[in-house]
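The listed protein sequences correspond, in order, to chains C and X.
Residues in the first sequence are numbered consecutively from 39, following the working numbering.
Residues in the second sequence are numbered consecutively from 39, following the working numbering.
Just so you know, these hints were derived from the structure itself, not from any lab.
Please read these numbers as outputs of a predicted model, since none were measured by experiment.
Incorrect hints may have been included.
Just so you know, same-sequence chains aren't split out, so a pair can sit in one copy or run between any two.
[As the list claims (entries may be wrong)] In silico lysine-lysine, DSS-like type, Cα no more than 27 Å apart, as pairs:
(1) Lys178 <-> Lys45
(2) Lys180 <-> Lys306
(3) Lys154 <-> Lys356
(4) Lys174 <-> Lys273
(5) Lys180 <-> Lys129
(6) Lys216 <-> Lys140
(7) Lys219 <-> Lys204
(8) Lys273 <-> Lys355
(9) Lys127 <-> Lys74
Listed here are the chains, written in short residue letters.
2 protein chains.
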Amino acid sequence: MKEATLKQIATQLGVSITTVSKALKNYPDVSEKTKKKIVDLAIKLNYTPNSFAVNLRTKESKIIGVIIPTVDYNFFSKVFKGVLEEAEKRKYQVIILRSNEKLEVEKKQIELLLNKRVDGIIMSLSNETGDFNHIKNIIKHKTPLVLFDKIAKLVNCSKVAINDRKAAYDAVNYLIKKGHKKIAHFRGSYMPQNSIDRFLGYKKALEDNNIVYDPSLVYLCDNNTDFEDGYENAKKILMEHPDIEAIFAITDLVAVGIIKYFNDIDLKIPAQIAVFGFCNSFMSEIITPKLTTIDQPGFEIGNRAASILFDEIDLKKKNKPVIFQSIELETKIIERDSA
Amino acid sequence: MKEATLKQIATQLGVSITTVSKALKNYPDVSEKTKKKIVDLAIKLNYTPNSFAVNLRTKESKIIGVIIPTVDYNFFSKVFKGVLEEAEKRKYQVIILRSNEKLEVEKKQIELLLNKRVDGIIMSLSNETGDFNHIKNIIKHKTPLVLFDKIAKLVNCSKVAINDRKAAYDAVNYLIKKGHKKIAHFRGSYMPQNSIDRFLGYKKALEDNNIVYDPSLVYLCDNNTDFEDGYENAKKILMEHPDIEAIFAITDLVAVGIIKYFNDIDLKIPAQIAVFGFCNSFMSEIITPKLTTIDQPGFEIGNRAASILFDEIDLKKKNKPVIFQSIELETKIIERDSA
């Protein structure tokens, strides 16, 4: 079937092409009666407006790009849901790309999105991202950018995150108040800001409670396979520190790996050892014992990031100045059975 | 910063605009030396090719659309990962939309994608989708379409799914071989083909084993909140059929809801009652007891659907005929501890 053109519709109804075009864009200066006739025929003829041509004129793509490190985690699903919900409201579409936690892939994805002239970009940095020139390049291109979760403090743009340091501090403080002294931290990679901040929160809570920080109690989970990292390090810590009392894990998935190992060897949680997670993902509710964790509001993070981005796109369109925002969303402890 | 144009690059290097354009597209008829000079300057000047202009000429967007019913389930994450992996290889980008299991939203999303002139669409139908005119409209628009998981047998396009009837048959047969006779089915909505087929597989397995089908043992889970549906119906079935021996659930998430309720009331699984899931999602491994389930290869489904779609896009571009494929991927029983 050949596609209908504006001209065809105009000819068939004996009106001008401009009238057809205006009617299809719902301009007020075409009568409702004419509008209805035109729209009905357009539907009948299967007319599709050529968005790319529209794009050239308005310089808008009505598409935003979202770059996430991985599609595996419940957290990013929640974020994505938050982004989608706002995008649906504001009539934007979302291209989703993943960096696979790799700097080189992240660079390539940004380039792709800029080439595609998306109206804006929302992203969480990969674990490898330590310099930010490719991120700054987005800003140089005057493409609105909002960072979330794994952000770069040095990049001048809007950001939506939680206070990772405070959240981690609260978690470790909770473990200490429960009577634990020998508390390990299963930390994330060295690069991401949130991983650094969670580690610093852990350390500060120990210090504020007069517990000497012992670096040998910090285990690195940086294989991008949190579950296995948690499982393997749980095995290791029981050999190296059989008297360990509690573990604060960088993510729920690491915590679930830990619990899985302890369940496998019949170590009682929390009687013999306490486990604290981070995220409040769906699985933290269904595992036995149910995981005590930090609620990281993924949906709100995505929703807020999208809302800020669309506002910045609007301001840019109107040539109005944009003031960048750094939003810090509240976290809270979800008390369950593992600690 | 003003963006560089092809002309600017051409003037600065004293070559023609055509040469610059060809160099940036890596055409073989520009010398490597000239190519390098042009590419270097383009990078220095922050040149971004205007993809939308390119689109008008090539009529390609290099974007495909994926419509999924919901972003909540592990299954769709796996499918999406499979799609992304193939898209990255073939240098396509992916717009992802969700229908929220609503027919009206699904119609709107299709319209958006067709307006955006995506090169192709991959989709799984919503639970409400009973007539298929909007799906057929995609084909009328000559936009390649691949359906997966919740497919419409009546729509003439390529499809990737599993044999839901056989998989369900295998599951119920497994329960019967374990000695169970009074077996319930927690089924999905009435509309989706896969929900119908899983129900028919359940029924057939009973019949083939001379067990009389009892409609009062079939419970409907159609609130799009599988976990709660499973939990609530588990509560209900124990009141209505206290002697029930086993439950075959339409999804892992329903099964996890069932297990959650039985754990809450300390009913022993599988000693007092067996539970069988469907999907083999991550949570089926971490719940206690671990869930016996059907492995539904989500990654392969997405990967295969994308691969077929890109092939069809290529054939269309070359004006070659497309032969639609119906791919049925293998499933298998994952024996764990719940049955």
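Hints and how they fare:
When the C-alpha separation of Lys178 and Lys45 is checked against a cutoff of 27 Å, the pair qualifies only between copies, where the shortest distance is 21 Å, while the shortest distance within a copy is 40 Å. Neither within a single protomer nor between protomers do Lys180 and Lys306 lie at most 27 Å apart by alpha-carbon distance, with minima of 55 Å and 60 Å respectively. For a Cα distance limit of 27 Å, the shortest separation of Lys154 from Lys356 qualifies both inside one copy, at 22 Å, and across copies, at 24 Å. In this assembly of identical chains, the alpha carbons of Lys174 and Lys273 never lie at most 27 Å apart, being 42 Å within a copy and 55 Å across copies at closest.
With identical chains, the CA atoms of Lys180 and Lys129 are at most 27 Å apart both within one copy (21 Å) and between copies (25 Å). When the C-alpha separation of Lys216 and Lys140 is checked against a cutoff of 27 Å, the pair qualifies neither within a copy, at 39 Å, nor between copies, at 47 Å. For the homomeric pair Lys219 and Lys204, the shortest alpha-carbon distance inside one copy (19 Å) is at most 27 Å, but the shortest distance between copies (55 Å) is not. In this assembly of identical chains, Lys273 and Lys355 lie within 27 Å of each other by CA distance neither inside one copy nor across copies; the values are 55 Å within and 55 Å between.
With identical chains, the CA atoms of Lys127 and Lys74 are at most 27 Å apart within one copy only, with a shortest distance of 25 Å there and 45 Å across copies.
This entry does not satisfy hints 2, 4, 6, 8, going by the numbered hints stated previously.
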